[in-house]
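Engineer: Given next are the chains, with one letter for each unit.
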Amino acid sequence: MEKDPIIEVKQLRAGYNGNTILEQVSFGVLKGEVFVIMGGSGCGKTTLFKHLVGLIKPVSGSIIIDGDDIAHGDETLLRKVLRKIGVLYQSAALFNSMTIAENIALPIREYTDLSEKSIDTLVKMKLTLVNLDGYENYLPSEISGGMKKRAGLARAMALNPEILFFDEPSAGLDPVASNELDNLIIQLNKNLGTTMVIVTHELRSVCHIAHRAILLDKNKKGILVDGDPRYLRDHSTDPMVKAFFNGRS
Amino acid sequence: MKPLSKSESYGYEISEVEAGGIYIFLRGRMDSSNASQLIDLFGSFIKDRHPSLLTIDLKKVSYLDDFGALVLVELRDMMSSNGGRFQLVNAREEVLYVLHSENRIRPNSLIKAHPPSVFVRYGDAILRYAADVKYLISFVGSVCLAFAYSFLHPRSLRLDDTFIYMQKTGVDALPIVGLLSFLLGLITAFMSSVQLQQFGADIYVASLVALGMSRELGPIMTAILVAGRSGSSFAAEIATMKISEEVDALFTMGFEPTRYLVVPKILASVIVVPILTLFSDLFAILGGLTVGVLVLNITASAYISQTLMDLTLFDVFWGVFKSAVFALQISWIGCLRGFRVDGGAASVGRATTSAVVSSIFLIIVSDSVFAIILRYWI
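First to last, the protein sequences are chains A and B. Here the numbering used here is used: position 113 in the first sequence is 281, and no number is missing along the way. Here the numbering used here is used: position 375 in the second sequence is 383, and no number is missing along the way.
A few of these clues could be false.
Take a look, some chain A residues computed to stay more than 10 Å from chain B by CB distance [what the hints assert, rightly or not]: (1) K248; (2) K294; (3) C375.
Pairs of lysine-lysine, BS3-like flavour, derived with a Cα cap of 30 Å [to be verified]: (4) B/K68 x A/K358; (5) A/K252 x B/K67; (6) B/K176 x A/K285.
Simulated from the structure, these hints should not be mistaken for laboratory data. Beta carbons: idealized from backbone N, C-alpha and C, even for Gly.
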């Protein structure tokens, strides 16, 4: 794993309508790392996620992705950074009017000069990679939740971005489907060296896939702890960290 | 081989080997930024030279993703269509993993799905039409039952929602209905005055505007506006609730979705649209009066007395009755289209469009029926 930080968040302050949700949040994500953002409901996980993918601008602070500060940059800079990232949303956010193949082909068609035949082959390769071969002509409404997630992942990695963001990837999946998705994340990280940033509170999944994790806290409005989730689970002495990992209030 | 410059993502070296073979030594990255370039470059090379064997050496390739794999797949296919052979050397484990995904593509998945035959499509359309008719009948039954239940159990009626829909369908629509009716009265008076003036019958402009608007144009125009504003909104609201599983949630909580969602909308529409039509008639007469006084030099009192003389209570009530029927159709179709949604965001759009188009069609058809009834039976 290379050691350069690909994402750096510095003194981030985030909130809506004058209410501060997060303050003084600083952390870095190394290149090729599987990084997890954890926390209970309402602690600001989704808020932080939306800031990292450029959907919301922070009140103050910086979010530097591969050297570009999206918190202070203009629209052009944001567009440039967005080319380097892929996002898998909680609901997969597939376009319901398009088939699975059309969903995946959309960014490839937009950003490359490949011929239609090549795009067709590439889409099939991507679908095979996520074990969805043969489902090219299905509409999102015709496949299961787990399959939607995998199709969403295939679309997120359509252009093989350097960073993949996942919002609650295991939400709504059965343990087997969730485990399959986790294994897929590990494989992609290992084989393509993609940096993964995952927002979740599925502890089993966190301990399975994460190299490093941060735990957000609602009262602190920031990071409670930062480290290897397996170490935190087994050795942390902080009562709140212990409570989170043991599922007790 | 010279080192890669900063702007170069890849480099290559081509050498000829014995028996007409070509050896390509690749280095650098094979990704989305250069896939199409590499396909074009080596593809034209294969076309020009027709090698019997193409060997690609991947020893110095630092990064290869599925776009890189695509390049290799395309070159392999070109070679096989030219009757040549293709081989890879020095492919690392990660490279083989990416290539593996291409090898796993099932042959049948590469074949484009054939469009179904004309018989299958007709059969499918008939089945869908039959399912639509079946749903339509069951929806009529469901709405009738819901109304019967609400009539027998008035406390089950969601009065708050009914008042909100009355406001949205009626009060909120009043400014636009008023303005358009005024302009329509104005236009009718203008157009008719051109003809009537020739016979010195200017005063009959008042009769024409009053009768035309209260019997036909008032109810129809109000109904079309309500279909565009409220019918579409009913369809979109229920369709969105349907796809976000809110309707299922209502059902599993023990609510009857038709009673909960449809009755307030239909009831509100049937109450307020006739009132809206009365306002439409009034504004249209005002429009006619404006033309009468300002252009035709008829006094306001003469215009009003001519209007009152020719306009009977029956004409007004006939228009109001028609508008109540139109309101029933608009709200019923809007709700029906909302409930028929299946799928995602695009189907919400389709439901909304379909609600407006079907409503307007039904309004015109039923207005024709009313015209025949009025002519032959009343």
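Engineer: Hint by hint, say whether it matches the structure.
Structural biologist: Going through the hints against the structure:
A/K248, annotated as away from the interface, keeps every beta carbon of chain B farther than 10 Å; the closest lies near 14 Å. Residue-level check failed: A/K294 sits 6 Å from the nearest beta carbon of chain B, not beyond 10 Å. With a closest Cβ-Cβ approach of about 25 Å to chain B, A/C375 is found to remain outside the 10 Å limit, as its non-interface label requires. Only pairs whose Cα atoms come within 30 Å are accepted, and B/K68 paired with A/K358 is accepted, the gap being roughly 19 Å.
This hinted pair checks out: A/K252 and B/K67 have alpha carbons roughly 27 Å apart, not beyond 30 Å. Among the hinted pairs, B/K176 with A/K285 is inconsistent with the structure: their alpha-carbon atoms are about 52 Å apart, more than 30 Å.
The earlier numbered hints that this structure contradicts are 2, 6.
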